[in-house]
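Asker: Could you build all of it, start to finish, from the sequences and the hints given here?
The primary structure of each chain is shown beneath.
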Amino acid sequence: MLESLYHHLPAIQVVLPLVSAPICVIFRRTAIAWSIAMVASWLSFSISILLLEQVNSNGPISYLLGGWQVPWGIEYKVDQLSAFVLLIVTAIGSIVTLFAPNSVNKEIASDRIYLFYTMYLLTFAGLLGITITGDAFNLFVFLEISSLSSYVLISLGGKRNALTAAYRYLILGTIGATFYIIGVGLLYQMTGTLNIADISQRLPEVAGIKTVMVAFAFMTVGIGLKLGLFPLHVWLPNAYTYAPSIVTAFLAATATKVAVYVLLRIYFSLFGTKILLSLPIQEFLLILGLIAIISMSLVAIYQKNTKRLLAYSSVAQVGYMVIGISMITVTGLTATIIHLFNHAVIKGALFLVIAAVFYRINSVKIEDMAGLAKSMPFTMAAFVAAGFSLIGVPLTAGFISKWYLILGAIDKGWLFVAVLIIVSSLLAVIYFWKVVESVYFKERPPGAIQIKEIPLTMLIPIWIMVGANFYFGINTNFTISIAEKAAKYLIGSPL
Amino acid sequence: MTIPIEIPGLINYWIVIVLMMIGFYIVISQGNLIKKIVGLNIFQVSVFVLYISMSKIDGGAAPILDEAIKNYSNPLPHVLILTAIVVGVATTALGLAIIVRIRDSYGTIEEDKIINMERDDT
Chain D
1 MLESLYHHLP AIQVVLPLVS APICVIFRRT AIAWSIAMVA SWLSFSISIL LLEQVNSNGP
61 ISYLLGGWQV PWGIEYKVDQ LSAFVLLIVT AIGSIVTLFA PNSVNKEIAS DRIYLFYTMY
121 LLTFAGLLGI TITGDAFNLF VFLEISSLSS YVLISLGGKR NALTAAYRYL ILGTIGATFY
181 IIGVGLLYQM TGTLNIADIS QRLPEVAGIK TVMVAFAFMT VGIGLKLGLF PLHVWLPNAY
241 TYAPSIVTAF LAATATKVAV YVLLRIYFSL FGTKILLSLP IQEFLLILGL IAIISMSLVA
301 IYQKNTKRLL AYSSVAQVGY MVIGISMITV TGLTATIIHL FNHAVIKGAL FLVIAAVFYR
361 INSVKIEDMA GLAKSMPFTM AAFVAAGFSL IGVPLTAGFI SKWYLILGAI DKGWLFVAVL
421 IIVSSLLAVI YFWKVVESVY FKERPPGAIQ IKEIPLTMLI PIWIMVGANF YFGINTNFTI
481 SIAEKAAKYL IGSPL
Chain U
1 MTIPIEIPGL INYWIVIVLM MIGFYIVISQ GNLIKKIVGL NIFQVSVFVL YISMSKIDGG
61 AAPILDEAIK NYSNPLPHVL ILTAIVVGVA TTALGLAIIV RIRDSYGTIE EDKIINMERD
121 DT
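Taken in sequence, the protein lines are chains D and U.
The first sequence begins at 1 in the working numbering and counts up one residue at a time.
The second sequence begins at 1 in the working numbering and counts up one residue at a time.
Any given hint could be a false lead.
Covered stretches of chain D, going by a simulated chain U footprint (3 or more residues, C-beta under 8 Å) [as the list claims (entries may be wrong)]:
hint : stretch
1    : 127 to 134
2    : 137 to 151
3    : 180 to 188
Simulated from the structure, these hints should not be mistaken for lab results.
The C-beta atom is built at its ideal place from N, Cα and C for all residues, glycine as well.
Answerer: The following block contains the structure:
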């Protein structure tokens with residue numbers, strides 16, 4: 001019994017949160033809905049650890065849904081990379097759920113909270129499904145499950161701007177997803193199959209034909225919309241600013257990471273390194289990535305709202321990941337994959353702090369946060385610690401990813417790229433310092449209400465995330481060995 | 001006059017492109033939130049036509065298990081598009097639901113007016 005369950009872990013990974021979502025609707029109670037979300041997310045987390053162990057010891061797992069043989073049936077595929085991304089999503093999901101109750105009770109109307117947890121679990125299931133599936137069309141279905149539920153999550157924000165932010169994200173997100181299926185359709189036309197591994201085997205024969213190039217372009221733009229690639233990021237700042245704080249923390253730490261993962265999959269597992277090198281994609285991604293890290297960091301400096309500031313910073317961070325991809329080397333991809341993990345724990349921690357600040361003072365404007373360090377010392381210390389990691393101070397996780405990125409750039413002989421990465425980090429110091437200055441060196445505004453430190457149930461999840469930033473900055477064996485293996489696997493994946 | 005054979009062969013794909021561009025143009029150019037959703041629908045329909053066209057074979061029958069049928073259309077893209085239609089319906093429903101809420105809180109569904117009101121808010 002237990003052994004057969006063990007065999008079905010890849011399916012359970014997705015099905016568990018997917019089934020838990022409607023159960024929340026049946027019970028309709030806030031406390032029960034939260035308990036279900038807790039159980040589902042922590043169980044998913046344990047499953048992802050088991051899957052990662054299984055992959056590490058026995059190699060990639062191929063799970064055939066319903067026993068249908070590939071390429072007719074849908075295949076779930078867990079390799080180094082997808083196991084790692086599953087771990088990121090479930091770990092962030094579990095910690096965010098642990099943090100959630102206070103923040104959610106404050107920001108969302110009490111009769112809607114069970115619906116919030118339903119949508120949260122659906123987004124969670126969708127993201128896990130995208131990561132685990134080995135079928136190009138199935139990926140689209142999960143992409144839409146996670147997107148549709150995240151539009152709802154964003155629209156639950158307190159201000160009316162949340163509605164327009166959700167609407168704009170819906171329009172752009174749907175265009176992105178539709179572009180993606182146009183690409184899949186064209187590839188199906190050329191190869192007659194939808195299984196990613198199967199397509200990649202048949203593609204080289206038809207690689208020179210324009211249809212394949214058009215499919216590649218459609219998929220790049222479609223997924224670029226989802227991950228907030230520089231000129232396609234316009235939906236992101238508003239969506240992150242007006243969504244409920246807890247939703248921002250979850251989406252910022254997982255949704256864009258999964259989109260970057262999809263881009264890696266499409267580029268390296270589907271098209272393969274050989275086709276990739278024959279296209280002008282390197283320069284294209286490099287230039288967009290460089291514009292993103294410089295211009296978005298500059299825009300972040302001028303923001304008055306911390307959530308919006310961190311949202312622009314997220315677009316810049318996606319820029320780093322895209323630069324890593326543009327190198328098409330093992331070091332570059334290692335940097336991208338490590339940064340997937342590191343940025344998730346950095347932004348997760350920062351946005352949870354922001355959620356805690358909103359919980360106490362009902363605002364996240366920098367001027368309203370003046371002098372908070374005296375009343376909320378532990379929360380603000382966490383903010384500074386996670387901020388160090390964002391900038392890339394040695395001994396933090398953020399340093400490791402930037403180190404690898406710069407190494408990759410130097411390997412390629414792109415010295416100016418290395419310089420621009422450092423410049424962008426310095427810009428991060430400036431925008432981050434603006435918040436720190438207000439929080440530590442200014443007095444509370446006159447007439448401000450007296451506030452206390454946040455409850456331990458919120459403080460502990462924040463410090464778990466911050467701890468992860470330092471742990472994975474000092475003890476890098478775990479992240480680097482997985483990222484390197486995954487990068488080698490991607491670059492050398494069969495053409 | 002004979003009609004050149006290429007035109008009927010590719011006409012579906014021309015329709016796909018035309019529909020796609022019309023839909024896309026509406027999404028970009030229209031200020032009315034509901035019209036944008038309509039544009040989005042036209043855009044998605046063009047993709048449905050793309051999938052369905054590619055599976056059709058000249059003289060192919062419906063894919064039914066029958067001795068008389070030798071040549072049949074590929075059923076897989078049809079099935080995929082059934083899924084995509086469901087997704088499209090869900091997207092439209094959610095978009096319209098959000099528009100209802102926007103209308104409740106802004107009193108309008110014209111984008112330029114909403115943008116002005118948002119500017120006043122901040």
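Asker: Mind checking, does the stretch 180 to 188 of chain D have 3 or more residues with a CB under 8 Å from chain U?
Answerer: n = 4 at 8 Å, threshold three: holds.
Asker: When I compare C-beta atoms, does the stretch 127 to 134 of chain D have three or more residues closer than 8 Å to chain U?
Answerer: violated (count 0)
Asker: Mind checking, does the stretch 137 to 151 of chain D have 3 or more residues with a CB under 8 Å from chain U?
Answerer: Coverage by chain U holds for the stretch 137 to 151 of chain D (6 residues, Cβ < 8 Å).
Comparing the model with each earlier hint shows a violation of hint 1 alone; every other hint is respected.
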